[in-house]
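Colleague: In order, the protein sequences belong to chains A and B. In terms of my numbering, the first sequence opens at residue 44 and continues consecutively. In terms of my numbering, the second sequence opens at residue 44 and continues consecutively.
No lab work stands behind these hints, which were simulated from the structure alone. Any given hint might turn out to be false.
Partial list, computed: chain A residues near chain B (C-beta under 8 Å) [said to hold, decoys possible]:
#1 Met45
#2 Ile51
#3 Asp65
#4 Arg66
#5 Asn72
#6 Glu78
#7 Met85
#8 Asp92
With a cut-off of at most 27 Å between alpha-carbon atoms, the simulated DSS-like pairs for lysine-lysine come out as follows [what the hints assert, rightly or not]:
#9 A:Lys61 to A:Lys83
#10 A:Lys74 to B:Lys203
#11 A:Lys83 to B:Lys186
#12 A:Lys61 to B:Lys186
#13 B:Lys203 to A:Lys83
It should be emphasised that the depicted structure is a prediction, and the values quoted were computed from it without experimental measurement. For glycine and all other residues, C-beta sits at the position ideal for the given N, C-alpha and C.
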Amino acid sequence: MMLDTVSIEPSAVIDAYKKDVDRTLIRENLKLTAEERVRKMMAVLHFADEVRRSAKVAG
Amino acid sequence: MTADFPRLLAALCTGAVEFVVIGGFAATAHGSAHVTADLDIVYRRTPENIERLAAALAPLQPYLRGAPPGLPFRFDADTIRCGLNFTLATLAGDLDVLGEATGEGTFEALVARSEARRMFDLDVRFVDLDTLIRLKRAAGRPKDLERIAELEAIREEREK
Chain A
44 MMLDTVSIEP SAVIDAYKKD VDRTLIRENL KLTAEERVRK MMAVLHFADE
94 VRRSAKVAG
Chain B
44 MTADFPRLLA ALCTGAVEFV VIGGFAATAH GSAHVTADLD IVYRRTPENI
94 ERLAAALAPL QPYLRGAPPG LPFRFDADTI RCGLNFTLAT LAGDLDVLGE
144 ATGEGTFEAL VARSEARRMF DLDVRFVDLD TLIRLKRAAG RPKDLERIAE
194 LEAIREEREK
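Hey, can you work out the whole structure from these sequences and the hints?
Modeller: As structure tokens, this is what we get:
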């Protein structure tokens, strides 16, 4: 399957999912640079790691 | 383990590896709010680039992700030449190294549809947003529907 043959035309299925997309979050992300977006995601990942580590220690 | 994305990218860039970032990390760079734990790249399948890829990742001790420890696996140029796509665990986190993404997404096809972004003092090439959407659609995985919807919403927000 060539990439050019893959449609990016609207799809009813994807449109159904689109209703649940948080556009506020997207608008905030689009104000950031690519590096800032990645740093923000890494902060979330580190937080999740910390929670997992703490749960292990507590458990 | 959380991937150390700057370290992974630095290893590839300073090793002069020709690659394009795809997948969830590229989606994040484009504005996605989803979180991804690994880095997906498509590398150029030339003998020189394969040598550079093997040398660049060697210090990170790449190993087959999910495989039992102790297998006689070496991520060297011969291994890369004999294979195509590898899902690796490294000292800097998980890295998917793809010779081709679904939809005939070779390096040559994708680099023409990519854009360079400055990140962590490195110039990194990412597939453009439309191509990322096409790759996700080509993969045809139900789990990607939510991601595709978000990427299309990003495109709509950019066009406003």
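Colleague: Each hint should be assessed against the structure and marked as holding or not.
Modeller: Each hint, compared with the structure:
1. Met45: Since the shortest Cβ distance to chain B is 5 Å, the answer is holds.
2. Ile51: Cβ of isoleucine 51 of chain A sits 5 Å from chain B, so the hint holds.
3. Asp65: OK, holds: aspartate 65 of chain A within 8 Å of chain B, min 7 Å.
4. Arg66: Nearest chain B Cβ about 6 Å off; hint holds.
5. Asn72: 4 Å, holds
6. Glu78: Status holds, d = 4 Å.
7. Met85: Where the cut-off is 8 Å and the nearest Cβ of chain B is about 7 Å from methionine 85 of chain A, the hint holds.
8. Asp92: 5 Å, holds
9. A:Lys61 to A:Lys83: Within the cut-off at roughly 23 Å; holds.
10. A:Lys74 to B:Lys203: 13 Å, holds
11. A:Lys83 to B:Lys186: Holds. Lysine 83 of chain A to lysine 186 of chain B sits at ~23 Å (cutoff 27 Å).
12. A:Lys61 to B:Lys186: 14 Å, holds
13. B:Lys203 to A:Lys83: 24 Å, holds
Comparing the model with each earlier hint shows no violations; every hint is respected.
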